[in-house]
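Visitor: Sequences listed follow chains A and B, in order. Position in the first sequence counted from 1, then plus 2, gives you our numbering. Mapping the second sequence onto our numbering, position 86 (from 1) lands on 67, and the numbers just tick up by one.
None of these hints come from the bench; they were simulated from the model. Mixed in with the good hints there might be a few duds.
Computed cross-link-like contacts, PhoX-like style, restricted to lysine-lysine with a CA-CA straight-line distance of at most 20 angstroms [claimed, not checked]: (1) A/209 with A/180; (2) B/204 with A/385; (3) A/503 with A/282; (4) A/146 with A/180; (5) A/403 with B/204; (6) A/176 with A/209; (7) A/388 with B/204; (8) A/245 with A/302; (9) A/361 with B/217.
No experiment lies behind these values; they were computed from the predicted model shown.
Here's the letter readout for the chains.
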Amino acid sequence: MSDSLLQFRNISKSYYGNSVLANINFDVRKGEIHALIGENGAGKSTLMNILFGMPVITGTGGYEGDVLIDGEKISFKSPHEAMYAGIGMVHQEFMLIPGYSITENIKINREITTPNPVSRIFGKRLETLDMASMNADARKALDKLDMNIEEFTQVAGLPVGHMQFVEIAREIDKTGIKILVFDEPTAVLTESEAQNLLAAVKRLAAKGIGIIFISHRLDEIISVADRVTILRDGELVATKDIKDTNAVEIAALMIGRKVAIDRVQSDRRRISDEIILSLKDLHVGMPGEMVRGIDLDIRKGEIVGIGGLAGQGKLGIANGIMGTYPARGDVVFNGKPMILGDPRAAMASGMGFVSEDRKGVGLLLNESIELNIAFTAMQVGNKFLKQGGPFRFQDDDGIRKHALKMIKDLDIRCESPVQHAGSLSGGNQQKVCVARALTQDPVFLFVSEPTRGIDIGAKKLILDLLLKLNEEEGMTIVMTSSELAELRSICDRIVIVCEGKVEGVLPPDASDAEFGLMMSGSRGGKTEDSPERSADHG
Amino acid sequence: MAEMNGNGNNLARASRNLLGDIGLPTVIIAVFWVLTLVAGHFVGISMSTLVSDTIKRAGMNGILVLAMVPAIQSGTGPNFALPIGIVCGLLGLVTAIEMDLTGMTWLLTSFALALPLAAAVGYGYGKLMNAVKGSEMTIATYTGFSIVALMCLAWLMIPFRNPKMGWFIGKGLRETIQLDAVGGAQILNNFLLFTVGDVIVPTGLLLTFAFFAFLVWLFFRSKLGIAISAGGINPKFAQAAGLNIDRNRVLANVVSTILGAIGIIVYSQSYGYAQLYTAPLMMAFPAVAAILIGGATASRAKVSHVVIGVVLFQGLLTTALPVANEIFVGTDLSEIMRMIIQNGIILYALTQVKRGVQ
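Between the sequences and the hints, there should be enough to build the whole structure, so can you do that?
Guide: Spelled out as structure tokens, the structure:
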């Protein structure tokens, strides 16, 4: 183990009793590219936060286990200390100052200075910048990356790919850089830019720098890495040499069989051939969840799952159709074209929406359960109202009666219908959200992340409820979720969204590997450049 | 035994909830008020005068404080631009004087003239608030200041000829217009006025306040009112429910401005004078302070907050002044004390503006 540059030994971390990493053993050798892969929430970021001594770790009671660099035990108190010890990170989102030149960005806070009369009196902070040597240093760093751009160019206006390189140049300019972490470096790059970057990463490794390469693109990992470590649910599943494995195996290991939620099936379901919702080239401008041209048909009576990794656009679909984010494209619902961007019209046409943002969009936390349940039906459907002069007032009795019925039907555990929604547990809050959507009598229901932050018992209840609605009311349901296991448990088919587009559609009993490959967008090898993506970030 | 424990817990929880419901600032100001009352008693100030004054001042300021409720509920924050509504009310009031009306006719005409004006101006102000989302409070404050400055010119140039409100020489309106002249002073206060011992109860004034408070309470139970509050509490929620938040914010500010206009007319008749020029400049602050002390936050306000707040704030002011006068007798300190106390309360209330719901 003498050639190990960096070692994690038995690392465990829990946040407030919630274990997020358990017994991780992981090492990076000199000159090695070690890929780290795992679904969202698998623990990749936590591991990196531990390495960098981020406040989020130190402020929550630290971690268990040891981190060793060159065989010596270290424990960074802040990212600054990590930086001085020779660890660098290339961020997914660029941390560059647009109005500064490349040199200035590379040298920021590490400027080379010469003393002058003023600084002799007032201290080091007022020394003159030695632009010549700074430029020379920047040139050296850029040359290492084979980047022939002038070092005095302003960062603003550079193509996205070049900005990424400036970011890398800044890291390698730091003297004594030993370990460099790349966090999804190609996520915002076009295909050709990504190729350049991967080549640069290889060159850096050849100079003896240890590289941790975090990515969910399997093809990239296969082509660039020496070894790969797969994390799943805070546990290390396997570390493999790339030459001994392949994309299919990595994908299967990444997904794995989670705590299985039994698949319930019944013969009372009625799926007709009639298409209730048809999407053509749907684009949604939801920040962080961009949808870039989805085509999808949904049949009446179906339960369709939408899966995919975070940030790939799966959440944007429902939000775009329901009008909470700007959208364009052709959407036909029940034979009638929909006007996008109008939540009221969407709901009036018979659609219901349970938002993924339960506390933000889903509930009025400081209002009563009954108002939360009745609110939308009252405002959009004009239910629960009494005429009183020029105004229409809420019908307290009607609301109470309906709320009590919903509380009973959905088994919402609460003290009374006037209890504030914010004081309920996550699962019961979710049921209130579902109850509100149901109060509008929808024929079609979008449910996004229905079990996020809910304990396992409550998860089952919510899923059973959705299945029951589908069975008994014939309600068409589109469920968006990051948890593949729950999609597999009730959906008829699962649409995997990757990079804002439909990557493919799988039956719920497809193999783990198929899901894994599709979620990482490595099926059929994509070659097309997508200029629109760089436009989004540029 | 277990039952007893249960009761004990319930009691403890109930008292905690009560404190949580009322809010610490409210309790602090209330305690401070009681202390000044006790001090007042010891320096020999007539309690019945203090109580009468408190009732009167609470009644005359009540509707101005009420104007805060729609603005806060809609999410634009306390209406620091209350002077906009106030000048609309004053304009209605002086126009009614110019029409040579007196008594109840004068009062009702003032309302009738001020209302459409305030509605129109409030609409524009609401549009402005939508254009400056995120910095409503600052912009509102300076909008109020600007309107007052603009109206200083208007009061001078307005071509009204009625000698009851003109300067003795030159053109324009006087700074202070006596409402005796139109039979309007205390016209509401004196309606069904009665006394309990030495305490004077201005029934008409209180009834007017109660009537408008009831209207506002009712409004926020209507479909529209609920939609407006939802937009204020959680804009994302309201948007997802298909509500037009911007339109609701404009509507709420129209209602707020109208209440400001009505409020100043009620205030003026009780005071006995209509004050023009720079008098409305600072009037938003006591109103904002009162509702905050009553337990409202920058995003949540109820009619009960108005009632509690205006009684506490005006009660403290009316009590603290004579007490300060007695204690600092023979000096000029009393006016300074008034400034310190009033602005101190306002400052304290404003520090509570962001306080979340417990």
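Visitor: Decide, hint by hint, whether the structure agrees.
Guide: Hint by hint, here is what the structure shows:
1. A/209 with A/180: holds (10 angstroms)
2. B/204 with A/385: holds (10 angstroms)
3. A/503 with A/282: holds (11 angstroms)
4. A/146 with A/180: At roughly 15 angstroms apart (the allowed maximum being 20 angstroms), residue 180 of chain A and residue 146 of chain A satisfy the hint.
5. A/403 with B/204: Holds, at about 18 angstroms.
6. A/176 with A/209: holds (14 angstroms)
7. A/388 with B/204: With Cα atoms ~9 angstroms apart, residue 388 of chain A and residue 204 of chain B stay inside 20 angstroms; holds.
8. A/245 with A/302: violated (47 angstroms)
9. A/361 with B/217: Given pair residue 361 of chain A, residue 217 of chain B holds - Cα atoms ~10 angstroms apart, limit 20 angstroms.
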